[in-house]
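There are 2 protein chains.
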Amino acid sequence: MPADTLTRVFSALADPTRRDMVARLAEGDATVNQLAEPYRMSLQAVYKHLKVLEEAGVVSRPPGPQPRRVHLETEVFDEMDAWIERYRRRAEERYTRLDALLAGMRDDEKKRNDERGEQPK
Amino acid sequence: MPADTLTRVFSALADPTRRDMVARLAEGDATVNQLAEPYRMSLQAVYKHLKVLEEAGVVSRPPGPQPRRVHLETEVFDEMDAWIERYRRRAEERYTRLDALLAGMRDDEKKRNDERGEQPK
DNA sequence: AGCACTTTCAACTTTGTGGTTGACAGCCGG
DNA sequence: CCGGCTGTCAACCACAAAGTTGAAAGTGCT
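From first to last, the protein sequence lines are chains A and B. Take 1 as the starting number for the first sequence in the numbering used here and just add one per residue. Take 1 as the starting number for the second sequence in the numbering used here and just add one per residue.
It is possible that part of the hints are untrue.
You can't tell identical chains apart in this list, so a pair holds if it fits in one copy or across any two.
Taking lysine to any residue and the SDA-like style, the derived pairs with C-alpha atoms no more than 20 Å apart in a straight line are [unchecked claim]:
{"no.": "1", "residue 1": "LYS51", "residue 2": "PRO38"}
{"no.": "2", "residue 1": "LYS48", "residue 2": "ARG88"}
{"no.": "3", "residue 1": "LYS51", "residue 2": "PRO67"}
{"no.": "4", "residue 1": "LYS48", "residue 2": "TRP83"}
{"no.": "5", "residue 1": "LYS48", "residue 2": "THR96"}
{"no.": "6", "residue 1": "LYS48", "residue 2": "ALA14"}
{"no.": "7", "residue 1": "LYS51", "residue 2": "ALA82"}
{"no.": "8", "residue 1": "LYS48", "residue 2": "THR7"}
Treat the hints as calculated values from the structure; they're not laboratory data. Quick caveat: nothing in here was measured; it's all calculated off a predicted structure.
Work the whole structure out from these sequences, hints included.
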């Protein structure tokens, strides 16, 4: 089972180093060496991170002359954004409907308390 | 080192089961048993997932009468959204500026090719 | 061809994560 | 008060993830 896109994207972005790479790539494409420079980490480790980002579709490395430049791919962000927005929106809708429900809920609660013989303040 | 919020949120949402929980909680609060019902997984495992979501601030479980209901918290989504939007926007700005740059880049490339003695097509 | 640099592959260590089972404390209703 | 449901904690297992080193392919320049 090849782990769906969202899983790959979210876990790719769960790593601070990888998020930092994305942040820097947003300023423009870079070679692997430029990318690797700030980190105290072997070059192979950087390639591994890149591979994760690439498989998640966050980044691409078009073939070309030797120092292949790493490029930020933004389409995947749309997908993540859609997911987030979808559920945020739904939850917020429920929240705004809450006002309308409050009156009824207060009545219910009062009734329940009455049935238990509790004193209203 | 207490792993920053974004790291916790992204890795919380990197798990399909947890994303599914969020999706269902967007429809309304639920008890742990209701939440756990569709999964073929021990109840303790579900509590673990909930703990991860809670520590990431995605979910809250206000204290109360025995079956404590799980509630979706949306503020964290804003933070994620801000991060995504920030870099997406920056990358897209670069992209739109690309048109303006193309003329200059073509000139540069032509010059480089000339210096190498390559034939223009 | 030959050297230097880029890229990838493989093996290994360490740490984290998702899941299990088992035990146990806290509430609540009969 | 006691039996059942809710919630938490701990030990353990399997496996994935981040990093290391070492070695081997490619690619580009002179």
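So, going through the hints one by one against the coordinates:
1. LYS51 with PRO38: within (18 Å within a copy, 34 Å between copies)
2. LYS48 with ARG88: neither (33 Å within a copy, 23 Å between copies)
3. LYS51 with PRO67: Classified as within; 16 Å inside a copy, 44 Å across copies.
4. LYS48 with TRP83: neither (27 Å within a copy, 23 Å between copies)
5. LYS48 with THR96: Neither: 45 Å inside a copy, 30 Å across copies.
6. LYS48 with ALA14: both (15 Å within a copy, 19 Å between copies)
7. LYS51 with ALA82: This pair counts as neither: shortest intra-copy Cα distance 24 Å, inter-copy 25 Å.
8. LYS48 with THR7: This pair counts as both: shortest intra-copy Cα distance 18 Å, inter-copy 19 Å.
When the structure is compared with the earlier hints, violations turn up for hints 2, 4, 5, 7 and for no others.
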